[in-house]
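Undergrad: Residue numbers (numbering that gives the first Met the number 0), protein chains in the order written: chain A, 0 to 364; chain B, 0 to 349; chain C, 0 to 171.
Don't read these hints as lab results, they were simulated from the structure. Among the hints, erroneous ones may be present.
[Said to hold, decoys possible] With a Cα cut of at most 20 Å, we get these calculated EDC-like pairs of lysine to aspartate or glutamate:
(1) Lys29(C) - Glu134(A)
(2) Lys3(C) - Asp28(A)
(3) Lys20(C) - Asp338(A)
(4) Lys20(C) - Glu134(A)
(5) Lys20(C) - Glu83(A)
(6) Lys106(C) - Glu28(C)
(7) Lys3(C) - Glu135(A)
(8) Lys162(B) - Asp28(A)
(9) Lys326(B) - Glu192(A)
(10) Lys106(C) - Asp138(A)
(11) Lys169(A) - Glu34(C)
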Amino acid sequence: MPQTETYILNMGPQHPSTHGVLRVNLELDGERILRATPMMGYLHRGIEKLLEARTYVQGVPYTDRLDYVSSMNNNFGYCRAVEELAGIEVPERAEYIRVIMAELNRIASHQVFIGSLANDLGASTGMLYTFRDREEILDLFDLVCGARMTFHYIRVGGVARDLPPEFAEKCRKFLDRVPEFTAEYANLLMGNEIFQRRLKGVSRLTPEQALAHNMTGPNIRATGIPFDIRKVDGYSVYPRFGFEVPVGENGDNWDRFQVRFREITESARIVRQALDGLPEGPVMAKFPKMLKPPQGEVFSRTEGTRGELGFYIVSDGTAKPYRVHIRRPSFINMQALDDMCRGYLIGDSVVAFSAIDPLMGEVDC
Amino acid sequence: MNAMLENGVVATVAGVLREYLMLLFGNQFLTDLIMKFIGIGAVIGVILSAAIVFTYAERKVCAFIQVRLGPNRVGGRFGLLQPFADMLKLMSKEDIIPAGCDRVVWALSPMLLFVPSALAYAFFPFDKGAVFADVNVGVFLLIAISSQAVLPFLMGGYASNSKYAMIGGMRTVAQMLSYEAPMVFSLLGIVMLTGSLKMSDIVAVQADNVWFVLLQPVAFVIFVITATAETNRTPFDLVEGESEIVAGAFAEYSGMRWALFFLAEYANLLAVSILTTTFFLGGWSGPVLPGVVWFWLKALFMVFFFMWLRWTLPRTRIDQMLSLSWKVLLPLALANVMCTGIGVYIYRWL
Amino acid sequence: MFGKGLMTGMGITIRHFFGRKATFCYPEEKLTMTEHFRGGHLTIDYKKCIACQLCAIQCPNQAIKLKVVTDANRKRHLESYVHSMGRCLYCDLCIEGCAPHALSWDKNYEISTWHKEDLVHQVITDEDRAYLADVMARAAANPTPPPAPKAPPKPAAKPATPSPETEVKPGE
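Here chain A stands alone, though its shape is the one from the complex (with noise of 0.2 Å):
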């Protein structure tokens, strides 16, 4: 008597499309996926443990190891945190520089995201492309603080140092490029058929399931939801540049790439504006060198460029924080997998994956 039964695959922690090392347990029927359960924790380096440890100051290079494709965005999160909890008032300048390095920091994650997708699907060439062209960016930050991927740039009070004299043009002459190189990816990504037929009603979360799983950013304005704290707590100088929030119809994974790949032209509008508003001044804010803030607790979100990021800091008046707390984005939509999962094949979970963005840095924290 033959006899049918499901299995479970492993996906990962050794495998090419998991994003760092993530283990993934798929419960199938033949190709079909039942269950899909994200196993996390292989990259857990106790972050939060270590910020408790050291001063306010001395936690920013941490962040930068957060979410380590956006830091910039991370540092921002963590400043505004403690700033909010110090009272710290920080320089226009300053304020404008931030945005600035953010947006840039969000184009070149939303390339990542590209590639790795492309990567995901097959396309190797994809991402090789969107890789290339995230170089000019971080040629922009080797520029202003010297380092290419962990910048520890935006500091408590403001930014480390003022932009180099020749920064401003450079950074026009890549925004110039930025539409040459996004009409690239949509030739050869987006125009293309398979491409088109692997993401489209794919992995489709309803705006209700994804406010279930409390899924922020990209994934959540895929479904319809224009959710961007950049609008909604319209915090640091954001009210003041003009941008629009894309947003999805469907909730697929086709949505959550269009979503991203027009963010990179707002954010580009945004870094413009930016540039031409940029008011001169101090870059940095008068504060002590050893920064004891009252005691109090403060929880801060910015628009990270996988969500929502959130810091929860509690200070009991002394050089170091007594509670860090992180809410960090990929964490939170990873909820989703299993939703995103269930009833489509092996190869969707991949794309599935792909599409929330997850960087395990920040999910393992």
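Given chain A's structure and the hints, the job is docking chains B and C onto it.
TA: Below, chains B and C without anything else, positioned relative to chain A:
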């Protein structure tokens, strides 16, 4: 010189060689035997040198498309000795035998995979009169042999005792079986036009008239698509599916065993390129240059085309791939056969 | 029409196939690092250093270990300065904290090593040690009298300067 152009370079050289061997041994049977062995050696040599050239070419083509420089260390600025370095690396690798595998089946699989891909070379007309075995059911035999490649994949996937390999093996069966059918039907039109299953006849008809790519454009497209699927290359590389099932059926192989899979893959790549050349691009026929040059020019162009496809397109999904085969390609191929039949009938009636 | 997107994609890749390449042969051609590049070994301008230990205090990961000696003139000098590159975050806080601008990166990015132990880098060179011995000897030969304590002495002033040969535990 005229005789050379008349009979083809390879055939002329073989004829001269045969005469010398006759003088040397004075024995018809011995000479034939030696000539057969020389033929086998030549064919194997073609396969091996193809593997060497293509590993290099693939890396270079891939690199150039991906705006990289590609191999540039081993053997001068252009990295010409890279394939040998790769080979050395593969040979010096540890031969890992996975726990719980079916040893015999597992070890046989890479060897068996190489056999059908090498065997197919026996029927290729490299030049006028240069076919190792010009049998009168050439096309039929070729298809029969090349479909044997399914089994080793399944064996490797089953015997590896790995779920990834098993999925890869099952995918191979589904893929190869469903692409065999439209491929055969796309070739049927050509067979109807030539009225022969003999490979050399097919080329000879094209040399006298026009290339079949002009008469059978639909069949050509179908054949190229199915050929990519047969060789398991992107967009149909679901069998390997690097980002999904790691390496599919080869997941547990290492060192020289894996190299054999690799060798078979490149042998297959060249085989389908030669087939496309023979069936649709007129084989060795062409003006001015000797036939063998034309043949290799066309075949290598097809190889480049397949590489170009591979490094541009994303991968399809298994259900999309199967539905493409059964719902699109097969009806199209059947319609093509019917149209060809009507066309041939009308042509004769005229 | 189905296939149009595939064709445009093929067109792009073939253009890049013949186009200019983005990479170059690394060990033969090298990039120049930017002005603020953070990486490589720490270097110290020994004559500028005032041995204030701020760099070690600033370091978030205690990658800098240093020893300070005081000469006969009660001037502090570095005796040893160890940079553990394996612990270093390359965050630049030490260099930014250096008041006399004595500390800098050497911008050498080829710093991989075969062994973990080799990641520990002695920043002070032999030349610096010779200079230190020279300074120490000169100070010993010609000591200036310690400045007379101001009257009235402050009750519980700053803790005494680190006694010679004590290792400073940074980051505390």
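Undergrad: Could you work out which of the previously given hints the structure breaks and list their numbers from low to high?
TA: 2, 3, 5 and 7
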